[in-house]
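A.B. asks: What follows is the residue order along each chain.
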Amino acid sequence: METIVPKTSAVLSSLLRADFTTQWRNRRSSVLILLVPVVILISWKGLISMVGGPFILSSCITVGLIAIGLMGYSNAIARDRDKGIFQRLRVTPVPSWAIMMSRLIVQLVMIMLLTAIVFIAGYYFDGIRISAGGYALTFFVAIIGGALYLGLGQLIVGLLMSAETVNSTTRLVYFIFIMVGMVGGLLIENKSLKNIIQWSPYGSVKDILSASMEPSKWSNHTTMALLATIAYAIVFSFLGIKKFKWNSK
Amino acid sequence: MNNQPGSSILEVEGLNVSYGSFKAVKNVSFNVRAGEIFGLLGPNGAGKTSTLSAVEGLLKPQSGVITVAGYDIKKQPLHARASMGVQLQATSFQPELTIAEIIKLYAGIYGVPLTAEKLAAILQDIKLEESATKRFGQLSGGQQQRISLVISTIHDPALVLLDEPTSGLDPQSRRQLWERIEGIREKGHGVLLTTHSMEEAEAVCDRVAIIDHGSVIIIDTPQIIIERHRNDPAVITASRKGKITLEDVFIGLTGRTVRA
Chain U
1 METIVPKTSA VLSSLLRADF TTQWRNRRSS VLILLVPVVI LISWKGLISM VGGPFILSSC
61 ITVGLIAIGL MGYSNAIARD RDKGIFQRLR VTPVPSWAIM MSRLIVQLVM IMLLTAIVFI
121 AGYYFDGIRI SAGGYALTFF VAIIGGALYL GLGQLIVGLL MSAETVNSTT RLVYFIFIMV
181 GMVGGLLIEN KSLKNIIQWS PYGSVKDILS ASMEPSKWSN HTTMALLATI AYAIVFSFLG
241 IKKFKWNSK
Chain D
1001 MNNQPGSSIL EVEGLNVSYG SFKAVKNVSF NVRAGEIFGL LGPNGAGKTS TLSAVEGLLK
1061 PQSGVITVAG YDIKKQPLHA RASMGVQLQA TSFQPELTIA EIIKLYAGIY GVPLTAEKLA
1121 AILQDIKLEE SATKRFGQLS GGQQQRISLV ISTIHDPALV LLDEPTSGLD PQSRRQLWER
1181 IEGIREKGHG VLLTTHSMEE AEAVCDRVAI IDHGSVIIID TPQIIIERHR NDPAVITASR
1241 KGKITLEDVF IGLTGRTVRA
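Read top to bottom, the protein sequences are chains U and D.
Residue numbering for the first sequence follows my numbering, beginning at 1 and increasing consecutively.
Residue numbering for the second sequence follows my numbering, beginning at 1001 and increasing consecutively.
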């Protein structure tokens, strides 16, 4: 009797079905992740005339991307590692990369959903309209920005073993990004501090998102911010994958 | 793949596993045959779990060769893993999924076509037909073990690995699981199980290996091991009721000291 190794596409399809079901059953936390950017969007309505629609939309999408990468992805990975769910999958004929690929595809869908929701909310609540090209480019750039935060989430679960520690660390990092990125970006006057924020993971992603909404305003600075985002994503992902252990015991 | 009764399904040759400078498994060799239940026994920290993890492909041994149904675990890991079914000691499935969804997931992973009728038959066979929509965490320990066992054999593997399958079960559930394990053997599968229960090993295992301090001390049938050591002074001292059992021999061979 010949042993049959199932096709990777069939295995991936089974994993995806299970991971999407899991995400759906956790819809309360998904809704919370998507709700925060919408609340910011509505509460910042008065700032549109001062900073412009793209600034507001890009800030909201960035906050959502941070939440997806840090709160959604990394906590789910840490929990499943802690409970031995990964070990159970790894003793089957599933390549390890397929387990992670399935998780990442679910998060990519979340990123697309977040971007769409922010656009819809921006249109209906704040009357923000951008060009069709701007909408399309932003979806693409949101995936690149999302990759940075998924990489950061991967780095955190790579460096920390306990699910509780991962949870508290991601909350802290999320809070720091929100405070430094949003509040700091608007209120801090110090030029070198503004520079640091601008080239931080928060600032880089926000800048490329903002520019992607107005493709005509794409500048050399935006290209540099895009390169910085890609570099952050590569470094975080590389270190996160290198340090990652499938078993927390 | 040769799945004839008595043919070797699992071959472990010269296995060595180390954690830093600590050698957890030292030159361990054994085989499991088709239609056989093989028990791996040993005190805590003896090297059972490390041996099993190496067979499962969860850790890389420093040296040694492991073949499952003729597939080298290093060279053809996916084929080797497709040839085995595994029930881990602390099995956990996604808590958000229902029992039916978990079975569908693993059937898909192993490439087993699963119709609604087949799924119903599986659930009926393990007497969980009314629990299809329940979550894994809502089941009792015995029910969880039945689900784990059915998932580990859903693809009809040549080798089934069971890591302390009856740990924490009541006598009824344990007996029922023994019958299921014996049923796996009747179908011609090879079974490798680890257990702390010598009663279990004596009751269900065709052969056992006692492992201690990372090395195999003895491999044989429980009856032959008892016969061979029944007059050892350490075994007689360990005996509590006059009749020599596998547990007495185990204590006699591995010592009375409690391991961490």
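Just so you know, these hints were derived from the structure itself, not from any lab.
Certain hints may be false.
Partner residues aside, some chain D positions facing chain U, computed with beta carbon under 8 angstroms [what the hints assert, rightly or not]:
| id | residue |
| --- | --- |
| 1 | V1065 |
| 2 | L1078 |
| 3 | F1093 |
| 4 | A1100 |
| 5 | G1111 |
| 6 | L1114 |
| 7 | G1137 |
| 8 | Q1138 |
| 9 | L1139 |
| 10 | G1142 |
Note that the Cβ used here is the ideal one computed from N, Cα and C, for glycine as well.
A.B. asks: Now, for every hint given, state plainly whether the structure supports it.
C.D. replies: Hint by hint, here is what the structure shows:
1. V1065: Violated: closest Cβ of chain U sits about 18 angstroms from V1065(D), beyond 8 angstroms.
2. L1078: Holds. Min distance 5 angstroms.
3. F1093: 7 angstroms, holds
4. A1100: 11 angstroms, violated
5. G1111: Because about 3 angstroms separates G1111(D) from the closest Cβ in chain U, which is inside the 8 angstroms limit, the hint holds.
6. L1114: 10 angstroms, violated
7. G1137: It is violated, given that the least Cβ distance between G1137(D) and chain U is near 10 angstroms, above 8 angstroms.
8. Q1138: 14 angstroms, violated
9. L1139: With a closest approach of 15 angstroms, the L1139(D) hint is violated.
10. G1142: 19 angstroms, violated
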